[in-house]
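K.L.:
Positions in the sequence shown are counted from 1; adding 1186 to them yields our numbering.
Hints are computed from structural coordinates only; laboratory data are not their basis. Honestly, I wouldn't trust all of these hints.
To be verified - Restricting the straight-line Cα-Cα distance to at most 30 angstroms, the calculated cross-link-like pairs of lysine-lysine (DSS-like) are:
hint, residue 1, residue 2
1, K1268, K1223
2, K1332, K1252
3, K1284, K1252
4, K1268, K1332
5, K1252, K1268
6, K1332, K1244
7, K1252, K1322
8, K1332, K1216
9, K1305, K1268
10, K1284, K1216
11, K1315, K1305
12, K1315, K1223
13, K1315, K1258
14, K1244, K1284
15, K1332, K1315
16, K1223, K1244
17, K1268, K1315
18, K1258, K1216
19, K1268, K1244
20, K1332, K1322
21, K1284, K1268
22, K1252, K1216
23, K1305, K1244
24, K1305, K1322
25, K1244, K1322
26, K1244, K1258
27, K1223, K1332
28, K1284, K1332
29, K1315, K1284
Since we're looking at a predicted model, the values are computed, not measured.
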Amino acid sequence: SCSRLRSFSTFNVGSRIYSMATKTECKSGKTPVVTVKNAGVAAVNGVFLAQNPLSIPKGFASTCQKMFWEPKEMWEELSDQKRLWFEAENGSYIYWNKSDGRWWIDGPSGAGVYIVADKGEFPPSDGWKALQGSRKPLPTVEVGEKTV
């Protein structure tokens, strides 16, 4: 059993408590991961690790700056700051957009690649749609846990 820690980097997702400072789940020593497979856009295939909902993806910030938007304001407008978002080593990321009720898979540049309408706490395995300029096949998404 795990008591709720009072720390900036500790928060609940569903019935679990996560600490993003060490990226461990305090009960089992695991953190959620998302694996994207078979996507027609190779840059978004891979393993995505859970990130603190209050932090801003680098690609998201980069896109905002190119559009002359304030990244923090846009992140607060589009993200609910409660759901985890996920990032791959190359900077691709997956996040839930509260404005449109969709999960987005974005490439390293911050450009949207695939979307799916779903309000779950984690991205769904199927139902993804390619955004304009993206290639099929559509991705298969798996949510699991990784021991840290």
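K.L.:
All hints are to be evaluated individually against the structure, with a verdict given for each.
P.N.:
Here is what the structure says about each hint:
A C-alpha spacing of about 26 angstroms is found between K1268 and K1223, which places the hinted pair at or below 30 angstroms, so the restraint holds. Between K1332 and K1252 the CA atoms are separated by roughly 35 angstroms; this puts the pair beyond 30 angstroms, and the hint is violated. Using a Cα cut-off of 30 angstroms, the hinted pair K1284 and K1252 holds, with the two alpha carbons roughly 22 angstroms apart. Between the alpha carbons of K1268 and K1332 the distance comes to roughly 20 angstroms, so the proposed pair stays at or under 30 angstroms and holds.
A distance of roughly 26 angstroms separates the Cα atoms of K1252 and K1268; the hinted pair therefore holds under the 30 angstroms criterion. The straight-line distance between the Cα atoms of K1332 and K1244 is roughly 23 angstroms, inside the 30 angstroms bound, and the hint therefore holds. For the hint linking K1252 to K1322, the alpha-carbon distance of about 27 angstroms falls within 30 angstroms, and the restraint holds. For a cut-off of 30 angstroms, the pair hint linking K1332 to K1216 stands: about 5 angstroms separates their Cα positions.
With a C-alpha separation of about 12 angstroms, the suggested pairing of K1305 with K1268 holds against the 30 angstroms cut-off. Between K1284 and K1216, the direct Cα distance comes to roughly 26 angstroms. Compliance with the 30 angstroms bound is thereby established for this hinted pair. As the CA atoms of K1315 and K1305 are separated by approximately 16 angstroms, the hinted pair is consistent with the 30 angstroms bound. In summary, the hint linking K1315 to K1223 is supported, as the alpha carbons are separated by about 14 angstroms, within the 30 angstroms threshold.
Only pairs whose Cα atoms come within 30 angstroms are accepted, and K1315 paired with K1258 is accepted, the gap being roughly 27 angstroms. For the suggested pair K1244 and K1284, the alpha carbons sit about 19 angstroms apart, so the restraint of at most 30 angstroms is met. Only pairs whose Cα atoms come within 30 angstroms are accepted, and K1332 paired with K1315 is accepted, the gap being roughly 27 angstroms. Restraint check for K1223 and K1244: the C-alpha separation of about 22 angstroms stays at or below 30 angstroms, so the hint holds.
Of the pairs offered as hints, the one joining K1268 and K1315 holds, with about 24 angstroms between alpha carbons and a cut-off of 30 angstroms not exceeded. Straight-line distance between C-alpha atoms of K1258 and K1216 comes to about 29 angstroms, which keeps the hinted pair within the 30 angstroms bound. With a CA separation close to 18 angstroms, the supplied pair K1268 and K1244 stays within the 30 angstroms bound. A hinted pair counts as satisfied when its Cα atoms are at most 30 angstroms apart, and K1332 with K1322 qualifies at roughly 28 angstroms.
Restraint check for K1284 and K1268: the C-alpha separation of about 10 angstroms stays at or below 30 angstroms, so the hint holds. For the proposed pair K1252 and K1216, the alpha carbon gap of about 36 angstroms is over 30 angstroms, so the pair is violated. Restraint check for K1305 and K1244: the C-alpha separation of about 24 angstroms stays at or below 30 angstroms, so the hint holds. Distance check on the hinted pair: K1305 and K1322 sit about 24 angstroms apart at the alpha-carbon level, within 30 angstroms; holds.
A distance of roughly 25 angstroms separates the Cα atoms of K1244 and K1322; the hinted pair therefore holds under the 30 angstroms criterion. At most 30 angstroms may separate the alpha-carbon atoms for a hinted pair to count; K1244 and K1258 meet this at roughly 11 angstroms. A hinted pair counts as satisfied when its Cα atoms are at most 30 angstroms apart, and K1223 with K1332 qualifies at roughly 17 angstroms. At roughly 27 angstroms between alpha-carbon atoms, K1284 and K1332 fall within 30 angstroms of each other, so this suggested pair holds.
Using a Cα cut-off of 30 angstroms, the hinted pair K1315 and K1284 holds, with the two alpha carbons roughly 18 angstroms apart.
Violation of the numbered hints given earlier is confined to hints 2 and 22; the remaining hints are satisfied by the structure.
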